[in-house]
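> Take a look at the letters that make up each chain.
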Amino acid sequence: MITIDGQEVFVIDGHMHFWDGSPQNWRNQWGEAWIKCFYDYHLALSPKEAVWPFEKFMKYSVDDLVRDLFLEGHVDMGIFNSTYLREFFTNGFNTHEQNYALVQQYPDRFILCGSFDPRWGEAGFDTFRRMVEQYPIRGLKLYTAEWYNGSRGWKLSDPMAYRYLELCRELGIKNIHVHKGPTVYPLSKDAFDVHDIDYAATDFPDLNFIVEHVGLPRLDDFCWIAKQEKNVYAGLAVASAFIATRPRYFAEIMANLLYWVGEDKILFGSDYAIWTPKWIVEAFARFELPEDLKQEYGVDLTPQAKRKILGENAARLYGIDIAAQKAKLAQDPIGQQLAAQAA
Amino acid sequence: MEQSALWAQLERVLDPELDESIVRLGFVRRLEQDGSSVRVVLRLPTYWCSPNFVYLMADGVRRVLTELPGIESVRVELEEHFASEEISSGVTSGRSFRELFPTEAQEELDELRYRFLVKGYASRLLVLVQALRSAGASDDELVESSLGQLEHTGDLAWLVLDDRRRGPVRGRIVERYLVRRAELGLPMLPESPLLLLADGQPIARERLTEELRRLRATVVNLRASTALCEALLHSRQQWWQSERKEVWQ
Numbered sequence: 001m002i003t004i005d006g007q008e009v010f011v012i013d014g015h016m017h018f019w020d021g022s023p024q025n026w027r028n029q030w031g032e033a034w035i036k037c038f039y040d041y042h043l044a045l046s047p048k049e050a051v052w053p054f055e056k057f058m059k060y061s062v063d064d065l066v067r068d069l070f071l072e073g074h075v076d077m078g079i080f081n082s083t084y085l086r087e088f089f090t091n092g093f094n095t096h097e098q099n100y101a102l103v104q105q106y107p108d109r110f111i112l113c114g115s116f117d118p119r120w121g122e123a124g125f126d127t128f129r130r131m132v133e134q135y136p137i138r139g140l141k142l143y144t145a146e147w148y149n150g151s152r153g154w155k156l157s158d159p160m161a162y163r164y165l166e167l168c169r170e171l172g173i174k175n176i177h178v179h180k181g182p183t184v185y186p187l188s189k190d191a192f193d194v195h196d197i198d199y200a201a202t203d204f205p206d207l208n209f210i211v212e213h214v215g216l217p218r219l220d221d222f223c224w225i226a227k228q229e230k231n232v233y234a235g236l237a238v239a240s241a242f243i244a245t246r247p248r249y250f251a252e253i254m255a256n257l258l259y260w261v262g263e264d265k266i267l268f269g270s271d272y273a274i275w276t277p278k279w280i281v282e283a284f285a286r287f288e289l290p291e292d293l294k295q296e297y298g299v300d301l302t303p304q305a306k307r308k309i310l311g312e313n314a315a316r317l318y319g320i321d322i323a324a325q326k327a328k329l330a331q332d333p334i335g336q337q338l339a340a341q342a343a
Numbered sequence: 344m345e346q347s348a349l350w351a352q353l354e355r356v357l358d359p360e361l362d363e364s365i366v367r368l369g370f371v372r373r374l375e376q377d378g379s380s381v382r383v384v385l386r387l388p389t390y391w392c393s394p395n396f397v398y399l400m401a402d403g404v405r406r407v408l409t410e411l412p413g414i415e416s417v418r419v420e421l422e423e424h425f426a427s428e429e430i431s432s433g434v435t436s437g438r439s440f441r442e443l444f445p446t447e448a449q450e451e452l453d454e455l456r457y458r459f460l461v462k463g464y465a466s467r468l469l470v471l472v473q474a475l476r477s478a479g480a481s482d483d484e485l486v487e488s489s490l491g492q493l494e495h496t497g498d499l500a501w502l503v504l505d506d507r508r509r510g511p512v513r514g515r516i517v518e519r520y521l522v523r524r525a526e527l528g529l530p531m532l533p534e535s536p537l538l539l540l541a542d543g544q545p546i547a548r549e550r551l552t553e554e555l556r557r558l559r560a561t562v563v564n565l566r567a568s569t570a571l572c573e574a575l576l577h578s579r580q581q582w583w584q585s586e587r588k589e590v591w592q
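If you read the protein sequences in the order shown, they are chains A and B.
Going by the working numbering, the residue at position 6 of the first sequence is 6; the numbering climbs one at a time, nothing skipped.
Plus 343 on top of the position in the second sequence (first one is 1) and you've got the working numbering.
Everything labelled a hint here was simulated from the structure, so no lab data went into it.
Quick caveat, the model's predicted, so the values are computed rather than measured.
A portion of the hints provided could be inaccurate.
Straight-line Cα separation of at most 25 Å, SDA-like style, residue types lysine to any residue; simulated pairs [what the hints assert, rightly or not]:
| id | chain 1 | residue 1 | chain 2 | residue 2 |
| --- | --- | --- | --- | --- |
| 1 | A | Lys-36 | B | Glu-573 |
| 2 | A | Lys-56 | B | Trp-582 |
| 3 | A | Lys-56 | B | Gln-581 |
| 4 | A | Lys-48 | B | Arg-566 |
| 5 | A | Lys-56 | B | Thr-569 |
| 6 | A | Lys-155 | B | Trp-583 |
| 7 | A | Lys-48 | B | Leu-575 |
| 8 | A | Lys-59 | B | Leu-576 |
| 9 | A | Lys-59 | B | Trp-583 |
| 10 | A | Lys-36 | B | Gly-479 |
| 11 | A | Lys-227 | B | Leu-575 |
| 12 | A | Lys-59 | B | His-577 |
| 13 | A | Lys-59 | B | Gln-580 |
| 14 | A | Lys-227 | B | Arg-458 |
| 15 | A | Lys-36 | B | Thr-569 |
| 16 | A | Lys-227 | B | Gly-403 |
| 17 | A | Lys-36 | B | Gln-544 |
| 18 | A | Lys-59 | B | Trp-582 |
| 19 | A | Lys-155 | B | Ala-426 |
| 20 | A | Lys-48 | B | Thr-569 |
| 21 | A | Lys-36 | B | Gln-581 |
| 22 | A | Lys-294 | B | Gln-544 |
| 23 | A | Lys-48 | B | His-577 |
Here chain A stands alone, though its shape is the one from the complex (with noise of 0.2 Å):
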């Protein structure tokens, strides 16, 4: 929860992680590339005083989670993705049945993501229905630019993604997060495209597809898609890291969005622990639009469009009725310890 204009706003990270990216989990020099990677991007946009050590960024507790997102970070709620990259970590960097057991500690806390892998083939559909049957799975978060058995990546609009799509309505899940963002290894140019989005917006009116990292570097390219499919929406993750130490561009990166997809189709995330989003929302809760992008652009970054980004479009989406669910979490291990600590 943070306060904007006087009223409470409820918070969902839209992108958040638990991962083991420690050296024993390597599987080879890939899995330290990556986590690398990962601490360079932590480096380049996070302001001084919320750097981590690279020690504590392979390999965080439950404990920092909790404080980070919840008794600090102003979340009340986090969409938990799950990254599986068993070509690079041996028991996966952070997989749904990893993130379980912090679901299970804390089942109103979570919306736990799935994922599935068109390249599985058809042998893959009763392994996907096992997870979403055995899991309290809400969504789904993919990656098309994943490795697996030689292949660099694949696109939503491939048919045996489509069988999976199917295999979504039939099981109820309805948000697909997809990540579109910097590229990993992305080798033919579809595979870094955005445009696979598009068919499959089409041809799925029902589901709904949450671009992550909102297309950057393809924010362009995605805009187009976004502003003609009612179903696409934009995930905040990196570009709203850009807040502290870029905000010219965090600026222009909005201006452009609140113009080209919208104050309701806007998804705040924070990508923990990349970065921590105690910083970024209270940025964001006080950030302004300068004065030559709003009439540039002829949008405002209102207390109400806030809100809609930080929580309101995220609770539409998965059917979260916010003050019945405030009311739950104020009951909770978390909620009775922020009682605690503002008492």
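Starting from the structure of chain A, add chain B where the hints point.
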């Protein structure tokens, strides 16, 4: 050969995605010449930078340097990149991208290169429009002018109208626009419209605001990506610094 001549050539190699020189971006880590051979070491913002872009830059380095008289072989190395081996040896021996990654790359890079030439053009066109506008040109003047009305003197340029001229703007802004416009094969005649979209269409007065807004989104993306790449390259230095420290200890 003077080192400065080699550097001047390298200046011409652009990061295709960021539309900026690899020298300005700080990607060139080393440049060594031994007779007719040159060795260039590139350091990119991440270990994972897309191999297709990396190939375009590395191959660009080879091509611009072998254009120089007396340079016969160019070895391009990538520091700390997951595909260092393939790209370094492939580019050095002049093999195509598809030959390097036969099972993974489905097409050659021309289409990709073209797509990013277009994005770079969008940025250069917008910069030109903004510069001329702030030098006093009206939107009507901009859409009605032709290329022949651009006047270039040294580092400055003007838009010449019947009775007066608008400017000056920096000559580099005009040059960058004209170079890319020619690269895209767009009309370059004096009577060709001053402002052309990448597909060769002139911009109608009533479409100008909307078209500029589209160009603007491309430019915001380009600049934010450049800022991120620069920050990442800066962050990356830490690993080399700490390794150096370990060696000293």
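> Take the hints in turn and mark each one as holding or not.
Going through the hints against the structure:
no.	hint	result
1	Lys-36/A <-> Glu-573/B	16 Å, holds
2	Lys-56/A <-> Trp-582/B	16 Å, holds
3	Lys-56/A <-> Gln-581/B	16 Å, holds
4	Lys-48/A <-> Arg-566/B	23 Å, holds
5	Lys-56/A <-> Thr-569/B	28 Å, violated
6	Lys-155/A <-> Trp-583/B	36 Å, violated
7	Lys-48/A <-> Leu-575/B	15 Å, holds
8	Lys-59/A <-> Leu-576/B	24 Å, holds
9	Lys-59/A <-> Trp-583/B	22 Å, holds
10	Lys-36/A <-> Gly-479/B	49 Å, violated
11	Lys-227/A <-> Leu-575/B	30 Å, violated
12	Lys-59/A <-> His-577/B	23 Å, holds
13	Lys-59/A <-> Gln-580/B	22 Å, holds
14	Lys-227/A <-> Arg-458/B	21 Å, holds
15	Lys-36/A <-> Thr-569/B	20 Å, holds
16	Lys-227/A <-> Gly-403/B	36 Å, violated
17	Lys-36/A <-> Gln-544/B	46 Å, violated
18	Lys-59/A <-> Trp-582/B	18 Å, holds
19	Lys-155/A <-> Ala-426/B	22 Å, holds
20	Lys-48/A <-> Thr-569/B	21 Å, holds
21	Lys-36/A <-> Gln-581/B	10 Å, holds
22	Lys-294/A <-> Gln-544/B	29 Å, violated
23	Lys-48/A <-> His-577/B	14 Å, holds
Violation of the numbered hints given earlier is confined to hints 5, 6, 10, 11, 16, 17 and 22; the remaining hints are satisfied by the structure.
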